[in-house]
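Asker: Could you put together the complete structure from these sequences and hints?
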Amino acid sequence: MNPLYMELQWLPRAPEDFSVRLKALADSPGTLGRELQALALPALELNQLTKLAKVMSKARSDGKSLAPLAPFRLAVLSNSTIDLIVPALTASAARHGFALEVVQPSYDQAAQEALTPGSQVNRSKPDAVLFALDYRALPLKLSLGEAEASSATIQGAIGYLQALRAGIKANTNAVCIFQTFAPPAERLFGSLDRALPGTLRSLIDGVNRELAAWVPGSGDVLLDVAGLAETVGLADWHDSQLWNMAKFSFSDQLIPLYADHVARTVAAIRGKSRKVLILDLDNTVWGGVIGDDGLEGIQIAQGDARGEAHLAVQRLALELRQRGIVLAVSSKNTDAVAREPFEKHPEMLLKVDHIAVFQANWNDKATNIQAIADELSLGLDAMVFLDDNPVERGLVRRLLPQVAVPELPEEPAWYARTLAAAGYFEAAAFAGEDLKRAGFYQDNAKRASLQKQVGGVEAYLASLEMTIVFQPFDATGRARIVQLINKSNQYNLTTRRYTEPEVTEAENDPLVFTLQVRLADLFGDNGMISVVICRPGASGAWEIDTWLMSCRVLGRKVEHMVLREILEHARAAGIRTLAGTYKPTDRNQLVAEHYAKLGFAKVAEEESGLTRWELPVEGAEPESAPMKVVSRGFSAVKETTPA
Amino acid sequence: MEEAQIYDRLTEIFKDVFDEDSIRATPTLSAQDVDGWDSLTHIRLILTVEKAFKIKFSTSEIGKLEKVGDLVALIRARG
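Sequence order for the protein chains is D and S.
Okay, so the first sequence: first residue is 1 according to my numbering, each after it adds one.
Okay, so the second sequence: first residue is 1001 according to my numbering, each after it adds one.
One or more hints might be untrue.
[Claimed, not checked] Simulated restraints, written as ranges between beta carbons of each label pair:
#1 S/K1015 x D/S106: 23 to 33 Å
#2 S/A1052 x D/K597: 31 to 41 Å
#3 S/A1052 x D/S61: 43 to 53 Å
#4 D/E146 x S/R1009: 54 to 64 Å
#5 D/Q241 x S/R1009: 17 to 27 Å
#6 D/D374 x S/R1078: 53 to 63 Å
These are calculated hints, taken from the structure and not from any lab test.
All of these numbers come straight from a predicted model, not from anything done at the bench.
The beta-carbon is built from N, C-alpha and C at its ideal position, and this holds for glycine as well.
Answerer: Here you go:
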């Protein structure tokens, strides 16, 4: 079974203490809707879905409010056993913002329930009726090779479904959700099952084609179960043993996936499908980091394996835009640098014109996404945010829980498929107006103004359990140090390029203070992310020759922690002043105020824009961040944990 | 796997499936003894056990189960 679908891998994994949290929620007074939705958000297994549904039922019968989950009553007609599916439907609907009430008649009573005016289903006045029938419910008679008889059989099956529909429409105002039929995995002939009229396969194909033709125009809704079964594989969809034992239409392993699809359909019916795709840029829409790699270095070329993966993301984004989804960008980059590929790279499929709101700056992404939502006058629950970086995903999920943030695998080749599998943009209907929607938001890629900072970033960073490791240059780190020195363009104060022999020289010079800095957090090891070289300057001073950092760890106060480490060693060496220089290039505008931010005083400024700064070592107390600090390879190993 | 270990794991599974902290898997425990152990919860239980121990039971094996001790014997037989 493909785990992307079976385990709903675009959703975060359920917390270890799910059951404990659920119990705590069940016992708490007050309205439960938001917490229930949060608990329902991760990928849950059948037993977890069942427990969550039980808590919702009990809350309902206790008269507790499920606000702000929107109520929706869904009746389910089936020829199969749906008892294990019903709770999964309720729990999955909560994930999408709905308090679902399922009307479940007795086993295999679809026709009776639809056609009898006083039936349980008809009396319940549902908002929608789900025709969860499988192919065994249809009056299909094989007529191998007989075109006319086959056609009549197909029409007969459609007639049957329409009769059930008429019964529902005569007694309720419900929307009818018709499922297409998953054909069995077994074939009678082999290849001819598809080609010959009157085989079970071609009869079912015929019924599905007819359904696809009349349902969408009728005001009712199609749920393409045949397509879903095909995607996961008919052999995995059907479980003969489970049908024999308990009359399950499909394998229990696919219940969470199926339930999520039904929930998406309910959301689509209520117009709650998402409308905006917000894209991160570096390593999402192209391979590499534009600020460091430049136009020549990012990977989006046809024929480049990594590049093609990112082009697939661009292609999907463009196609989504064509069907009316609005595109926006949220990137940690200087605006001009981020726009460059859109404006100048020949292989970019996305152009500036395709992006309704282009947010490239150094603020946190939650604040930027809020600004995008405000600019578009759409709710956060209309947004989807695609980012390869788990730290950014975690931040947005934590601070803006209504934004959908799909998990992405390590391998970029699967990004496009994962986004598509998540189904955030499921549609119940498609109209001409949808095509124009993206255009309405077009305004030369506006930059949304940041009205307010979204709070909570500090707390989120503290929760990352970061460990920063300081070491002097050594042989092991040398290759990476040389790479960073020669590759870093943005967060680079002086952009001095050194060869490996020159780095080795600094490593071995007792008067030169060197630092290689590594950062790890809950999501993994970021590896080496900063390099510092201090050389003896005027008497009693260290000249900061090189200070560079990976932009990936911006906004976490790494530079403050690096300064603290430099100061400690400076004190130990009897140094009284730190002197730093900012040498402007067309790439490092970002760090013009780096030394000001760290409390240095500006002592000189030249016409070129070059600035010199100084900090007295005595009394310098830079801010500290909640990180565990490990300092080793100097005279003694030291470890300190944040207070 | 040791029999005691199997019973321990089954107890955790029973607690999860029946959503009941006080339940314990014992050799003579059967459907009559537990509230809510109907035919469908039985299916859910079997499916959960199969996934947890990474084994599959045949239809006839499942049909012959009368008490938890029978289930444990089946699991042990699978190695």
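Asker: Each hint needs a verdict: does it hold in this structure or not?
Answerer: Hints versus structure:
1. S/K1015 x D/S106: 23 to 33 Å: With a Cβ separation near 30 Å, S/K1015 and D/S106 satisfy 23 to 33 Å, so the hint holds.
2. S/A1052 x D/K597: 31 to 41 Å: violated, 53 Å
3. S/A1052 x D/S61: 43 to 53 Å: violated, 31 Å
4. D/E146 x S/R1009: 54 to 64 Å: holds, 56 Å
5. D/Q241 x S/R1009: 17 to 27 Å: holds, 23 Å
6. D/D374 x S/R1078: 53 to 63 Å: holds, 59 Å
In this structure, the earlier hints numbered 2, 3 are contradicted, and the remaining ones agree with it.
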